[in-house]
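Student: As a plain string of letters, each chain reads:
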Amino acid sequence: MAKMSGAKALIESWKRENVEVIFGISGGALLPIHDILYDSGIRHILARHEQGAAHAADGYARVSGRAGVCMATSGPGATNLVTGIANAYLDSSPVIAFTGQVNTYSATSSYMIGRDAFQEADIIGITTPITKYNFQVKSASEIPKAVQMTFHIATTGRPGPCLVDIPKNTQTEIGEMDFSDKVQIRGYKPNIEPHPVQVKKAVKLLLEAERPIVLAGGGTISANASPELLQIAELLMMPVTTTFMGKGCFPEKHPLSIGNIGMHGTRVANKVILEADVLLAVGTRFQDRSTGTLDDFCPDAKIIHIDIDAGEIGKNVDVEVPIVADAKATLRLIHQQLVSKLRQRENSPWFNRVKELKDKFLSEMDSSKDNLKPANLLKTLRKILPENAIIATEVGQNQMWAALHFQALKPRTFISSGGLGTMGFGFPASLGAKVACPSCPVVDIAGDGSFRMTEQELGTSVTEDIPVIVVVLNNSMLGMVAQWQRLFYNRKYAAVKLGSVPDFVKLAEAYGAQGFRARSLEEFSNAMKKALKNEVTTVIDIPISPEDNVFPMVPPGKGLKDTIAGM
Amino acid sequence: MANEHNHIISTIVEHKPGVLYTVANLFRRRNFNIENISVGPAEEVGLARMTITVRGDDRTIEQVVKQLNKLIDVIKVTRLDPDHIVTRELALIKVNAPNPKVRSDLINYADIFRARVVDVSSESLMVEITGTSDKVDAFIDIMKPFGVKEVARTGITALSRGAKSAKMEE
Numbered sequence: 000m001a002k003m004s005g006a007k008a009l010i011e012s013w014k015r016e017n018v019e020v021i022f023g024i025s026g027g028a029l030l031p032i033h034d035i036l037y038d039s040g041i042r043h044i045l046a047r048h049e050q051g052a053a054h055a056a057d058g059y060a061r062v063s064g065r066a067g068v069c070m071a072t073s074g075p076g077a078t079n080l081v082t083g084i085a086n087a088y089l090d091s092s093p094v095i096a097f098t099g100q101v102n103t104y105s106a107t108s109s110y111m112i113g114r115d116a117f118q119e120a121d122i123i124g125i126t127t128p129i130t131k132y133n134f135q136v137k138s139a140s141e142i143p144k145a146v147q148m149t150f151h152i153a154t155t156g157r158p159g160p161c162l163v164d165i166p167k168n169t170q171t172e173i174g175e176m177d178f179s180d181k182v183q184i185r186g187y188k189p190n191i192e193p194h195p196v197q198v199k200k201a202v203k204l205l206l207e208a209e210r211p212i213v214l215a216g217g218g219t220i221s222a223n224a225s226p227e228l229l230q231i232a233e234l235l236m237m238p239v240t241t242t243f244m245g246k247g248c249f250p251e252k253h254p255l256s257i258g259n260i261g262m263h264g265t266r267v268a269n270k271v272i273l274e275a276d277v278l279l280a281v282g283t284r285f286q287d288r289s290t291g292t293l294d295d296f297c298p299d300a301k302i303i304h305i306d307i308d309a310g311e312i313g314k315n316v317d318v319e320v321p322i323v324a325d326a327k328a329t330l331r332l333i334h335q336q337l338v339s340k341l342r343q344r345e346n347s348p349w350f351n352r353v354k355e356l357k358d359k360f361l362s363e364m365d366s367s368k369d370n371l372k373p374a375n376l377l378k379t380l381r382k383i384l385p386e387n388a389i390i391a392t393e394v395g396q397n398q399m400w401a402a403l404h405f406q407a408l409k410p411r412t413f414i415s416s417g418g419l420g421t422m423g424f425g426f427p428a429s430l431g432a433k434v435a436c437p438s439c440p441v442v443d444i445a446g447d448g449s450f451r452m453t454e455q456e457l458g459t460s461v462t463e464d465i466p467v468i469v470v471v472l473n474n475s476m477l478g479m480v481a482q483w484q485r486l487f488y489n490r491k492y493a494a495v496k497l498g499s500v501p502d503f504v505k506l507a508e509a510y511g512a513q514g515f516r517a518r519s520l521e522e523f524s525n526a527m528k529k530a531l532k533n534e535v536t537t538v539i540d541i542p543i544s545p546e547d548n549v550f551p552m553v554p555p556g557k558g559l560k561d562t563i564a565g566m
Numbered sequence: 000m001a002n003e004h005n006h007i008i009s010t011i012v013e014h015k016p017g018v019l020y021t022v023a024n025l026f027r028r029r030n031f032n033i034e035n036i037s038v039g040p041a042e043e044v045g046l047a048r049m050t051i052t053v054r055g056d057d058r059t060i061e062q063v064v065k066q067l068n069k070l071i072d073v074i075k076v077t078r079l080d081p082d083h084i085v086t087r088e089l090a091l092i093k094v095n096a097p098n099p100k101v102r103s104d105l106i107n108y109a110d111i112f113r114a115r116v117v118d119v120s121s122e123s124l125m126v127e128i129t130g131t132s133d134k135v136d137a138f139i140d141i142m143k144p145f146g147v148k149e150v151a152r153t154g155i156t157a158l159s160r161g162a163k164s165a166k167m168e169e
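Chains as they are written, first to last, in numbering that gives the first Met the number 0: chain A, 0 to 566; chain B, 0 to 169.
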């Protein structure tokens with residue numbers, strides 16, 4: 000036990016959780032915390048908008064696999080975090096938000112909770128449906144336990160964001176602090192080890208399968224289960240498709256990789272899954288964008304579903320073998336049992352069928368020589384970037400083009416807003432990614448619409464010395480919405496034309512970053528090579544056609560079998 | 000929907016501020032319907048029991064249980080088997096009773112239902128009844144012709160029969 004202020008206890012608790020960096024913006028209700036944080040050795044990165052801070056913490060978390068921390072003051076500071084927290088919630092990312100709050104009590108003024116005080120917002124009420132856990136501190140001595148609990152909850156089981164709301168008077172209040180508590184939460188015990196009977200059933204199904212397929216989701220990455228997944232896939236010669244969130248968990252150059260499934264999945268993935276007889280689904284929630292209409296989703300397959308969240312089992316699809324456990328632990332066991340029962344499979348008729356489909360669709364792909372086509376740009380980008388490069392994307396066409404045409408080779412190198420689809424996520428997330436891995440080149444694949452939403456974080460990247468590269472696929476449109484209008488709303492381009500302002504090259508320069516404009520594939524290559532050597536953030540603006548569409552596409556309300564290749 | 004029934008879910012939660020909000024919020028967010036809820040301290044200090052009646056098909060109820068289990072402040076969730084369960088509801092009913100004849104009729108009805116008269120004024124009578132929701136419904140129906148002024152019902156509370164318990168596991 001030690002006597003100290005709440006603010007000191009908070010920083011001490013952070014140190015115990017090995018927090019290295021906090022993304023945030025200060026404000027009145029955080030003054031006592033910042034006063035201590037300033038001398039603490041923990042880096043505070045001053046964002047330009049709290050949403051940017053939350054996304055940066057999210058990017059940091061996804062790349063490092065550790066908790067990403069953000070902090071904002073009471074009221075608008077806290078509410079500005081909300082989009083970022085919701086984004087982390089839908090993508091199961093361990094973001095921990097700390098918010099200042101008005102006093103719990105004041106004898107002399109109405110600056111206190113419940114009096115609609117200046118910059119008071121009920122952030123606990125607001126974030127209850129979008130956090131895994133949230134907690135309002137009522138006295139200083141609760142702070143060490145609150146920090147321990149939220150870090151434990153955010154990073155274990157199915158990861159997810161947490162929030163701790165800290166009233167200003169508890170920051171200065173002196174309390175008896177107990178840092179020794181081991182976290183014991185009676186309502187929270189994630190199941191790690193799989194049930195042996197279920198594993199046996201899964202192994203049996205896999206051994207009997209003639210046409211097995213893996214569907215790997217974001218949970219595979221959270222669980223760091225990629226090596227185990229690779230072993231099983233290779234042993235059974237089993238094709239692997241990933242959900243959008245699972246991209247990167249299996250090397251996309253691998254002969255068994257068939258790319259993403261879903262609304263903008265590859266044609267081969269959307270076809271192969273229809274023919275499968277056993278589906279090994281790992282860490283996925285069978286979201287509508289992945290499955291299309293459920294009746295047409297792998298109609299002939301028996302499903303093995305591994306997920307650490309029991310709530311995902313049977314939520315959207317009925318499964319043959321549910322396994323509620325950690326993906327890594329489960330896949331390891333499945334592999335052990337498979338190895339003891341079978342020798343390495345050679346080219347099976349199934350593998351040959353998959354290969355045949357893969358080659359067929361590859362040859363049919365648009366090989367347009369127009370070198371500013373997004374597909375060509377992204378393939379070129381892959382060639383230029385080393386394997387350890389990290390890609391963040393914005394949301395919309397840029398994101399789906401990146402998913403289709405940029406091969407992710409390692410887990411945690413492709414980060415994007417999958418569940419919430421938050422435009423403006425990519426750029427601040429790329430800053431968080433760079434902080435988590437300073438030696439990795441980090442590229443935000445952006446659309447002009449998304450980049451406009453958080454472009455002010457150029458200020459953060461320059462002043463905090465976090466150099467990243469932003470590739471703006473600029474069609475001066477909200478391109479994905481325009482695509483739907485083109486396809487389903489008779490080309491009526493309502494509320495999508497953004498115009499060609501600002502000039503992104505000048506915008507970059509205004510912030511002290513560097514800007515290039517690329518009007519050919521060659522100019523793009525050259526700009527990228529310069530950017531990789533640059534010590535400041537580089538924005539590469541590439542004017543593309545506003546008529547470019549993302550294909551293949553499963554039209555809304557249709558099944559994977561209805562995938563269309565183009566117009 | 001055709002397969003919808005009422006199900007009773009017994010939940011042990013941390014007895015602290017905000018838990019009711021968290022649980023109610025989950026139901027709203029996931030589009031589940033609370034028919035009925037009663038909350039009170041449970042057998043152990045620091046714990047509360049929420050007895051929640053939910054309407055839905057089996058798949059929905061399974062989701063309700065799983066989603067409740069995910070809440071950190073929810074410690075145990077038990078779906079009570081309707082065949083092995085005791086359910087009770089308490090109601091206070093204030094009825095017009097302007098004269099001795101009506102009062103005596105009311106008291107007779109109360110006796111038949113094993114309800115108790117708990118307050119009397121010159122104009123009205125207050126009756127307390129405990130039992131299953133059906134019984135409470137039936138009694139209120141009988142009271143209606145007299146002019147029911149106010150009704151307060153607690154909502155269903157329930158425990159499973161026998162030695163089996165929905166307590167926290169050791």
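Quick caveat, the hints were computed from the structure, so don't treat them as lab data. Any given hint might turn out to be false.
Keeping only pairs whose Cα atoms sit at most 25 Å apart, straight-line, the calculated DSS-like set for lysine-lysine is [stated by the list, open to error]:
1) A:Lys137 <-> B:Lys148
2) A:Lys188 <-> B:Lys15
3) A:Lys314 <-> B:Lys65
4) A:Lys314 <-> B:Lys75
Student: Hint by hint, note whether the structure agrees.
Tutor: To see whether the hints hold, each was checked on the structure:
1. A:Lys137 <-> B:Lys148: Distance ~42 Å between Lys137 of chain A and Lys148 of chain B Cα, so the pair is violated.
2. A:Lys188 <-> B:Lys15: Judged against 25 Å, a Cα distance of about 20 Å means the pair holds.
3. A:Lys314 <-> B:Lys65: Holds: Lys314 of chain A and Lys65 of chain B sit about 10 Å apart, inside 25 Å.
4. A:Lys314 <-> B:Lys75: Measuring from Cα to Cα gives roughly 20 Å; hence the hint holds.
Violated hint: 1 only; the structure is consistent with all others.
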